[in-house]
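S.K.: Sequence:
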Amino acid sequence: MTDVRVPPPEPAVTEVPPAAGTVGLRGTAARWLRRPRSRRELVDRLFAVQSLFALLVVFVVAILASPRRDGEILFLTAGNLGNIVRAVSEIGIIAIGMTFVILLGGIDLSVGAILGLSAVGTATLLVDSGFGIVPAVAVVLVIGALFGAVQGYAVARLGIQSFIVTLAGLQVARGIARIWSGGLGIPIAYGDGAHEAPPAFELLNGSLNGVLPVPAVLFVLIGIAAIVVLRTTAFARHVYAIGGNEKAARLSGVPVTRVKVAVFAVAGLLAAVAGVIHAGQLNQGSPNDGAGYELDAIAAVVIGGTSLAGGSGSMGGTLAGALLLGILNNILALNNIDANVQLLIKGLVIVLAAALQKLRHGIA
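For the sequence shown, UniProt numbering gives the first residue as 1, with consecutive numbering after it.
Hints listed in this document are in silico derivations from the structure and should not be mistaken for laboratory results.
Heads up, the beta-carbon is just placed ideally off N, CA and C, and yes, glycines get one too.
A portion of the hints provided could be inaccurate.
Claimed, not checked - Quick list of the computed label-pair ranges, beta carbon to beta carbon: (1) Gly175 x Arg69: 42 to 48 Å; (2) Leu344 x Glu202: 36 to 42 Å; (3) Lys247 x Pro187: 48 to 54 Å; (4) Ile73 x Thr233: 38 to 44 Å; (5) Gly191 x Val134: 15 to 21 Å; (6) Arg69 x Ala309: 44 to 50 Å; (7) Glu202 x Leu158: 38 to 44 Å; (8) Pro255 x Asn209: 41 to 47 Å; (9) Leu348 x Pro198: 40 to 46 Å.
Kindly generate the complete structure, drawing on both the sequences and the hints.
M.R.: Here you go:
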């Protein structure tokens with residue numbers, strides 16, 4: 001009787017499906033229109049709009065709690081709303097980059113320091129080195145992206161936790177900024193003479209039609225681009241896959257190292273963009289600029305519903321979270337609430353957002 005040899009089974013490779021939020025815009029609309037097929041899908045749908053619902057609630061509460069002058073609601077004045085989006089723009093842009101990092105399952109504590117380094121670099125190149133606007137901004141953006149890429153490489157190739165790598169990066173960026181500036185703030189004066197920046201750079205402190213601040217326009221444009229990237233690209237699917245299960249993603253052929261380096265580079269690049277805007281708005285660059293911004297960016301991401309464990313979240317949620325924090329800061333300031341109480345309230349909001357994430361996994 002002839003022996004029949006059965007070939008050994010091929011090793012199983014876990015397929016990583018596209019994560020929620022990474023399908024195309026048309027597919028997302030179709031998913032929302034059809035009836036939920038499971039309890040999990042219903043829960044996911046409800047929590048997908050938690051940040052938008054929270055933003056609406058905070059907006060309504062701000063209107064009701066707003067002081068009034070001559071019968072006018074101060075919160076709803078064009079000038080005040082413009083101040084909110086102007087104040088949110090820098091944190092919001094940093095939070096966009098932070099969203100990619102947290103979706104990956106990491107954290108980036110260096111973005112505030114990169115903002116400070118970028119603000120110093122912008123001021124120094126424009127004022128002391130005589131650079132034009134385009135060369136100065138290009139150099140600063142490259143520095144931010146390279147700084148982030150180096151951190152991403154250390155996380156991916158050396159296996160060091162992102163918390164440790166970026167904590168060290170925070171110190172390094174602050175140190176470079178202090179050396180570059182001599183430990184002092186670099187004021188930006190405008191004109192055509194020596195040690196003066198081109199007057200066109202002052203546009204970053206201006207507004208379109210006297211209403212919409214230029215930094216807010218940049219924030220909105222970057223946010224729209226990020227939403228499109230996160231919903232329609234293979235890169236985004238790789239980010240979700242790594243954040244959900246890095247080992248399975250690697251076995252499925254996802255270039256984990258390349259994606260991690262790219263994500264941290266994007267975070268560094270966007271922090272540098274925020275640094276350029278910061279220098280333009282304050283007309284200076286200081287090595288102390290951006291202190292604590294990383295915490296506000298993380299808060300915006302968490303309030304927006306992105307899981308700190310990675311693999312779950314949306315860019316729209318982050319934008320809503322940033323605006324929510326901006327409105328909260330503004331209405332507390334309008335009512336002259338003590339600064340210490342403001343910190344307490346914001347902390348409670350962050351804890352509530354984290355508790356909702358825990359509740360989501362519990363009932364799903």
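S.K.: Does each hint hold? Answer for all of them.
M.R.: Hints and how they fare:
| no. | hint | in the structure |
| --- | --- | --- |
| 1 | Gly175 x Arg69: 42 to 48 Å | holds (47 Å) |
| 2 | Leu344 x Glu202: 36 to 42 Å | holds (37 Å) |
| 3 | Lys247 x Pro187: 48 to 54 Å | holds (51 Å) |
| 4 | Ile73 x Thr233: 38 to 44 Å | holds (42 Å) |
| 5 | Gly191 x Val134: 15 to 21 Å | holds (18 Å) |
| 6 | Arg69 x Ala309: 44 to 50 Å | holds (46 Å) |
| 7 | Glu202 x Leu158: 38 to 44 Å | holds (43 Å) |
| 8 | Pro255 x Asn209: 41 to 47 Å | holds (45 Å) |
| 9 | Leu348 x Pro198: 40 to 46 Å | holds (45 Å) |
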